[in-house]
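Enquirer: Here is what each chain is made of, one letter per residue.
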Amino acid sequence: MATKLFRREDHAPLAPPSSMTVFSDLVELRTQERVQFIDLTELVAERVRRSGVGHGLVCVQSKHTTAAVVVNEDEPLLIEVMKRMVERLAPPDAEYGHNELHRRREPAPDERGNGDAHCKALLLGSSQTLAIVDGALQLGRWQRVFLVELDGPRPRTACVIVMGIPR
Amino acid sequence: MATKLFRREDHAPLAPPSSMTVFSDLVELRTQERVQFIDLTELVAERVRRSGVGHGLVCVQSKHTTAAVVVNEDEPLLIEVMKRMVERLAPPDAEYGHNELHRRREPAPDERGNGDAHCKALLLGSSQTLAIVDGALQLGRWQRVFLVELDGPRPRTACVIVMGIPR
Amino acid sequence: MATKLFRREDHAPLAPPSSMTVFSDLVELRTQERVQFIDLTELVAERVRRSGVGHGLVCVQSKHTTAAVVVNEDEPLLIEVMKRMVERLAPPDAEYGHNELHRRREPAPDERGNGDAHCKALLLGSSQTLAIVDGALQLGRWQRVFLVELDGPRPRTACVIVMGIPR
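Protein chains in written order, with our numbering: chain D, 167 to 333; chain V, 167 to 333; chain X, 167 to 333.
The following block holds chain D by itself, in its conformation from the complex (with noise of 0.2 angstroms):
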């Protein structure tokens, strides 16, 4: 392998020890497809912005078993590629003894057959963490955060936490 060109960017301690700040918000929205991907990057960078961080993390945390969070671009045929591969990777029409509700103990009322959207959301995550530096998000340009819905339409909740020192 060839040799690596590596170029540093350092930033000394961006601010003497400090006292922190934590904020937190629900997200509640309702979905509308089976499977949909959901840009709450404006959210996201709204809720940073009103926590007043300067330098911290944000995680933003799905509070559902067949709802992920994941970071990706937004372009809609790059979705339908994507939406494309998690059914491929776990196809809803295969057997899923978790489908079987009367072999389960005590099933959901609102349960459905929905084996592969759980396996869908173990393969994407239910959270992500992201940087923010200098009051701001840090996402590429292409980046966007999306609540991925793996088993909709329903109601969903996302977990929004901003931690760091204040601006």
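Note that these hints are calculated values from the structure, not bench results. Idealized CB from N, CA, C, for every residue including glycine. Hints are supplied without guarantee of correctness; some may be wrong.
Claimed, not checked - Computed spacing ranges between beta-carbons, pair by pair:
(1) V/Arg333 with X/Arg254: 26 to 36 angstroms
(2) D/Arg254 with V/Glu246: 18 to 28 angstroms
(3) X/Glu199 with V/Pro321: 28 to 38 angstroms
(4) X/Ser185 with V/Thr207: 23 to 33 angstroms
Mind docking chains V and X on chain D? Use the hints.
Expert: Coordinates of chains V and X only, in the frame set by chain D:
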């Protein structure tokens, strides 16, 4: 796509800027199966209570490259479904160059042919970061935190670290 | 399932509630291959030391939608195995609508047909959050932190942010 209704439950910064607490713990356990989901939720929630943190984050991290940490539902039939999916995506009987120990520089003394387990761990992820609000681990109704053994049985260690402002 | 033996090594809160430090750094590098695992462990450990943080968290975040951050083992044959798995789960020669640039609104000037790379990144994840205890990055014996190039060669940036109480 139809319009989306967002209802927002806003919280002001949860407390005035404050000093912070960090609490860490190692959880050691011995797994029993080759692929096994071990529910750590009560262990993690107990560390959150013991830390004295009121608002902040907890990170649960596997110390291994063939054991993952995930969030999903603890339902026996579903766990079988999730095991079958990871076996399907990285089958133990596929060819893995990593398993040809004679080709490797320094295989560990207890090394087995476990290329599939590394692949599974790569897909599931090595840690989970979750929110703490009002002294409680933020999990949805069905969410549980698991260490996922992918190359057991083995002794395993998870690191639980809690960081935030005191209650 | 057999009983599990848990041994717990408990740590009291690691220090009295304290002020906190945040340290951030951008790591810029130029990748050489289409799919490449680049070991950032020493770079990250060095930032942890330089931050002066004794107990806390470090988050390593890709700033890209076609480059991921993962934790696994740095063993050459294993890396070939992991590359083959991600190629198998999202083959570069499958049909991806995202690649039909004429159907898209504003393709980037350097855009290539890279739907597979987005899919791979979606599965691997964009960041990793790891514990810091006693001034040291907490990694198991075989754990290493990688930036994973999925659409190279390209210039890439990772953000390293360290947060916690000072040593």
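Enquirer: Please check whether X/Ser185 and V/Thr207 have a Cβ separation lying inside 23 to 33 angstroms.
Expert: holds (32 angstroms)
Enquirer: So does X/Glu199 sit 28 to 38 angstroms from V/Pro321, Cβ to Cβ?
Expert: holds (36 angstroms)
Enquirer: That 18 to 28 angstroms hint for D/Arg254 and V/Glu246 (C-beta), does it hold up?
Expert: holds (21 angstroms)
Enquirer: Taking the beta carbons of V/Arg333 and X/Arg254, is their distance inside 26 to 36 angstroms?
Expert: violated (48 angstroms)
The structure shown violates just one earlier hint, number 1.
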